[in-house]
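Colleague: Listed below are the residues making up each chain.
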Amino acid sequence: EAQVTQNPRYLITVTGKKLTVTCSQNMNHEYMSWYRQDPGLGLRQIYYSMNVEVTDKGDVPEGYKVSRKEKRNFPLILESPSPNQTSLYFCASSWSGPKSEFFGPGTRLTVL
Amino acid sequence: GESVGLHLPTLSVQEGDNSIINCAYSNSASDYFIWYKQESGKGPQFIIDIRSNMDKRQGQRVTVLLNKTVKHLSLQIAATQPGDSAVYFCAESPYGGSQGNLIFGKGTKLSVKP
Numbered sequence: 842e843a844q845v846t847q848n849p850r851y852l853i854t855v856t857g858k859k860l861t862v863t864c865s866q867n868m869n870h871e872y873m874s875w876y877r878q879d880p881g882l883g884l885r886q887i888y889y890s891m892n893v894e895v896t897d898k899g900d901v902p903e904g905y906k907v908s909r910k911e912k913r914n915f916p917l918i919l920e921s922p923s924p925n926q927t928s929l930y931f932c933a934s935s936w937s938g939p940k941s942e943f944f945g946p947g948t949r950l951t952v953l
Numbered sequence: 213g214e215s216v217g218l219h220l221p222t223l224s225v226q227e228g229d230n231s232i233i234n235c236a237y238s239n240s241a242s243d244y245f246i247w248y249k250q251e252s253g254k255g256p257q258f259i260i261d262i263r264s265n266m267d268k269r270q271g272q273r274v275t276v277l278l279n280k281t282v283k284h285l286s287l288q289i290a291a292t293q294p295g296d297s298a299v300y301f302c303a304e305s306p307y308g309g310s311q312g313n314l315i316f317g318k319g320t321k322l323s324v325k326p
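Residue numbers (the numbering used here), protein chains in the order written: chain S, 842 to 953; chain G, 213 to 326.
There could be a bad hint or two in this list.
Computed footprint of chain S on chain G, listed as stretches where at least three residues anywhere in the stretch have a Cβ under 8 Å from a Cβ of chain S [to be verified]: (1) 253-266; (2) 315-321.
As a list, the in silico DSSO-like pairs of lysine-lysine whose alpha-carbon atoms are at most 30 Å apart [unchecked claim]: (3) G/Lys318 with G/Lys283; (4) G/Lys280 with S/Lys898; (5) S/Lys912 with S/Lys858; (6) G/Lys254 with S/Lys858; (7) G/Lys283 with S/Lys898; (8) S/Lys912 with G/Lys280; (9) S/Lys898 with G/Lys318; (10) G/Lys254 with S/Lys898; (11) G/Lys254 with G/Lys318; (12) S/Lys906 with G/Lys318; (13) G/Lys254 with G/Lys268; (14) S/Lys906 with G/Lys254; (15) G/Lys254 with S/Lys859; (16) S/Lys906 with S/Lys858; (17) S/Lys912 with S/Lys898; (18) S/Lys858 with S/Lys898; (19) G/Lys268 with G/Lys318; (20) S/Lys859 with S/Lys910; (21) G/Lys254 with S/Lys910; (22) S/Lys859 with S/Lys898.
Please keep in mind that the hints were generated in silico from the structure rather than gathered at the bench. C-beta: ideal position from N, C-alpha, C; glycine also.
The following block holds chain G by itself, in its conformation from the complex (with noise of 0.2 Å):
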């Protein structure tokens, strides 16, 4: 089928290192922002999420940092595995969260070496 990673920045990691995704955000006014995995054929997953009253917050194997300053995102991904192979997407909500529009980012394509 169509490939969604197109085009895409690609990151090529080996198995069991740790990879970091950035993503640069536009809007001064966005107080909450997102990270999605999609692999190939899928529909989008939620992996984790930050507000901007945080710098950083850590998930399973994932943390993402938040830098306000100059507007940027990143997720670590620890011990990278295979299964974390995907187009991994930031999205950004542009009116401080209180409504319920959400903007994406372009997207990284993250390939895992065995």
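Pulled out of the complex, with its shape left as it was, chain S reads as follows (with noise of 0.2 Å):
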């Protein structure tokens, strides 16, 4: 089945506790692309990638890291997480930007 797959689905962490948000999918799609999701603002896009190795920012890439070494993964870094960065976070692919046309099923981060 095409998919997209974020792990974790939820997480509570403390301030300052480095965490990765994962994301795999198996369409061979090169362009990947992060999003958050807060009640008033919107999706917001956090970085995108257009292939491997290649990675760009989107419009709110503060206090994020990408990384993209192989085609089916695409993790969110949070190196020191703020109380600012609750949210609910998604993962999309496509077969070429920025149309981000499958979307994983999305992970709720608590930041406390």
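Take the two lone chains, each set in its own frame, and fit them into one complex as the hints suggest.
Modeller: Okay, structure coming up:
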């Protein structure tokens, strides 16, 4: 089944404790992207990747890092999480950018 | 769970009627646009896209209209069904589609009355 998977689905952590949210797609898509969704602010793009080893900033990249060492995986790294990064995070992929055709199920992150 | 539909414009329609959801975009350079649907508790789903060299594109029960003059996009849903109840977002590619940036609108909540 074609899908985008994210792990974990739910995470509660504390300020400053590094964490990684994984994203994986099984469709051999070149484009992958991370978004956060907050009430009243909608979806905002954090980072995207047009292909392996090619990443670029979206609208709200501060406090986040990404890597794209292989085509199927696009992890989102929070080196020192802060409470303002409490949000619902979505990973997405598509054959080419910026379509974001397939979304993952979301990761709900709470930073205390 | 937390609702992404809080404080959003709401469109309420009767089952079987047609729905029109509107979106104004901001960047004149945007040349690629997408509509997404998000049901409660789920991730967004791609519905339909359109490039700026087109004024209209049709899918299954959906039509997207693009008016570049006034920077306006609309999504028409024919014969709206209860399963269409969701939040609908438009998105624009602000750099002419050559890069991977995507900017989303705030969304409109569609409520279908049986």
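Colleague: Against each hint, give a clear statement of whether it holds in the structure.
Modeller: How the hints compare with the structure:
Counting residues of the stretch 253-266 of chain G whose C-beta lies closer than 8 Å to any C-beta of chain S gives 6; at least three are required, and the coverage claim holds. For the stretch 315-321 of chain G, the assignment as covered by chain S holds, since 5 residues bring a beta-carbon within under 8 Å of that chain's beta-carbons and 3 suffice. Among the hinted pairs, G/Lys318 with G/Lys283 is consistent with the structure: their alpha-carbon atoms are about 16 Å apart, no more than 30 Å. Restraint check for G/Lys280 and S/Lys898: the C-alpha separation of about 27 Å stays at or below 30 Å, so the hint holds.
Distance restraint check for S/Lys912 and S/Lys858: the Cα-Cα separation of roughly 27 Å lies within the 30 Å cut-off, and the hinted pair is therefore satisfied. Of the pairs offered as hints, the one joining G/Lys254 and S/Lys858 holds, with about 27 Å between alpha carbons and a cut-off of 30 Å not exceeded. Straight-line distance between C-alpha atoms of G/Lys283 and S/Lys898 comes to about 25 Å, which keeps the hinted pair within the 30 Å bound. Among the hinted pairs, S/Lys912 with G/Lys280 is inconsistent with the structure: their alpha-carbon atoms are about 35 Å apart, more than 30 Å.
A C-alpha spacing of about 20 Å is found between S/Lys898 and G/Lys318, which places the hinted pair at or below 30 Å, so the restraint holds. Straight-line distance between C-alpha atoms of G/Lys254 and S/Lys898 comes to about 25 Å, which keeps the hinted pair within the 30 Å bound. Restraint check for G/Lys254 and G/Lys318: the C-alpha separation of about 17 Å stays at or below 30 Å, so the hint holds. Taking the CA atoms of S/Lys906 and G/Lys318, the gap is near 25 Å; set against the 30 Å cutoff, the hint holds.
Restraint check for G/Lys254 and G/Lys268: the C-alpha separation of about 28 Å stays at or below 30 Å, so the hint holds. For the hint pairing S/Lys906 with G/Lys254, the CA-to-CA distance comes to about 25 Å; that is within 30 Å, so the pair holds. Restraint check for G/Lys254 and S/Lys859: the C-alpha separation of about 26 Å stays at or below 30 Å, so the hint holds. With a C-alpha separation of about 14 Å, the suggested pairing of S/Lys906 with S/Lys858 holds against the 30 Å cut-off.
In summary, the hint linking S/Lys912 to S/Lys898 is supported, as the alpha carbons are separated by about 18 Å, within the 30 Å threshold. For the hint linking S/Lys858 to S/Lys898, the alpha-carbon distance of about 23 Å falls within 30 Å, and the restraint holds. As the CA atoms of G/Lys268 and G/Lys318 are separated by approximately 22 Å, the hinted pair is consistent with the 30 Å bound. Simply put, S/Lys859 and S/Lys910 have alpha-carbon atoms about 20 Å apart, close enough for the 30 Å limit, and the pair holds.
Only pairs whose Cα atoms come within 30 Å are accepted, and G/Lys254 paired with S/Lys910 is accepted, the gap being roughly 28 Å. Taken as a hint, the S/Lys859 and S/Lys898 pair is honoured in the structure, with Cα atoms around 20 Å apart against an allowance of 30 Å.
Comparing the model with each numbered hint stated earlier shows that hint 8 is the single one that does not hold.
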